[in-house]
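Colleague: Using the hints, position chain G against chain R.
Which chain is which? The protein sequence lines are R and G, in order.
Numbered according to the working numbering, the first sequence spans residues 1 to 203.
Numbered according to the working numbering, the second sequence spans residues 1001 to 1347.
Please keep in mind that the hints were generated in silico from the structure rather than gathered at the bench.
Predicted, not measured: the structure shown is a model, and the values here were computed from it.
One or more hints might be untrue.
As the list claims (entries may be wrong) - Stretch by stretch, here's where chain R covers chain G in the computed footprint (C-beta under 8 Å, at least three residues):
# : segment
1 : 1015-1027
2 : 1059-1073
3 : 1280-1290
Said to hold, decoys possible - Below, simulated SDA-like cross-link-like pairs (lysine to any residue); rule was C-alpha separation at most 25 Å, straight line:
# : chain 1 : residue 1 : chain 2 : residue 2
4 : R       : K169      : G       : E1015
5 : R       : K26       : G       : E1015
6 : G       : K1279     : R       : H180
7 : R       : K26       : G       : R1011
All residues carry an ideal CB built from backbone N, CA and C; glycine is no exception.
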Amino acid sequence: MNVRDLYVHRGDPILPAWNRLLEWTKQFRLFAGRGIRFTRTPNGTFVIADQNTLSWDHPFRVQVSDKEAAITLGTINKLVPTINGVALDAITAPKLKITGGPNTDLRSWICADVRVDLESGQINIEDKDAIIVTHVRELDPRSSEGGSPDDGRGTGRHPLAMLIWNTDKSSIRRTHQVTHFNQQHRFIVASDSQPSRHLFWPE
Amino acid sequence: MNTISASEWNRLVDELRRNQVMGSTMLQSGAWRHPWEVTPSWDSEHKRWVATIEPGFINGLDATVSIALNESPEATRLRHAELGMEETDSVDAWLTEEPVLPLTAWRAIGADADPLNTSVTPNGTLTVSFEPVPEFFTALGVGEPPNISSQIDDFGIVEQVSGEVDAAAEKRLLRSCDLVLHQDRFATTTQWTQGVGIDGTFVQFNVIYQIPSNMRERAYIRATRKYEPSSSADMQDRLKGDWTDQTFDALHLATVYMVSPEGAAYGSEPDETWTPYVKHRVFWNLNHASNLLEPALKHENIVFNTGLAMGLLDSIANQILATINDQNAAIAEFLGRNTLEGRFWST
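Isolated chain R (complex conformation) (with noise of 0.2 Å):
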């Protein structure tokens, strides 16, 4: 409706200009979507906007508690990856022991690793471990050069989420997540002087 529709004029008559004046008002209803609560009062409403309730379980979720990660379901190219040979949409979920430690700068990483045939270039379905969940305390410095290089065996290694460790190197401090959602994955074959790479993609 336009609200110039809601003007009148002398003489005109007031029934059908108030039922689409009240018709008009009903949009100043107000609805709680998710995370918000009113409280109500006759001389109007409070509005409060809860977000500790919105919270977003994303594929690939990383959350460590006393150096145990847990792993929300996540895929690549729909496979499930696995750690120590168990699926991360199993009934009960697998968690990752982080051992290793950081790195010089209080940093490490849990990543998923792809292996592929160098071959075909393919992830083999068959092998349930071609997508195994890692951690690890550097990533390979060619990855700021893009893509994910391979290792020479046909392994790319995609970041879900840094871990920032307290100073002693004996706990986590924080957790920094990557990876938001489903990917894709491919393998570029090397070619001339450029290096095999592996990309990820959101699904």
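Modeller: Then chain G, alone, in the frame of chain R:
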């Protein structure tokens, strides 16, 4: 019945009264924030606006901001402790170290903005154009830029200024600042060289890959008055030779806007009485890659026999540019294969 009862009338008033918003509260502890989310705040110690940025990652590494060592977080200072730096030296603070980025480069939009462009029509009218005020801020009471035009006639230059001049004192001012992400990469350079072949003169078109000085491993964020995307050089410029690509890729992350209270003096800088707004343009972590991973200073070239005498390099280049011929196509195809370009994509 052509009347409205008092009870009907009052019911409407009550309905509207109940639904008017008296106030709102945001409980933010533990709230999820997207990567690159910018939160401006007033730094009362240094009397300036600053921004904190939720860590965003490129290829698994968090980006950096450049700040003075004496304003950097403890973790940044520890990382630079053994480098013997002065307190005022700039250091790259990682976003996961929780630095605050000073916002000092503001551009004015609206009533007191600098002109963006001028144009002259065939009848001699000079028109000055300004960056438009986003509709959102117009609704908040930000004044529009003046409408200025000048007419050159028998009496000389007559300037016309129109707009809500009288209402200007009641309008609010607008400032903005762009946050831009940069990722260093190799650059390509083109050049022509010439020499004498067995059967005559040949020219050689070279593409050279250069590593930028102080190439950073991590992406870095800079606050700038206005982000201007670099226009990609057209093929002709590259073919002319002596052309150098930029040594980084840039991505506009966000724009921080500041809105003044009513009656702020023209040209004033944002202080604690101004209200910040942020327009985000990137919401997810990113990957970055170049189309080629060439070693620095590697050369690729293509050679043409011309049969022309030496010293005619410009003529040769111009001839290639002027005509569509096999050599032109060969160079263009060669250039396409050997030009470095970078891309960001979300992960």
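Colleague: Run the structure past the numbered hints and jot down the numbers of the failing ones, going up.
Modeller: 4
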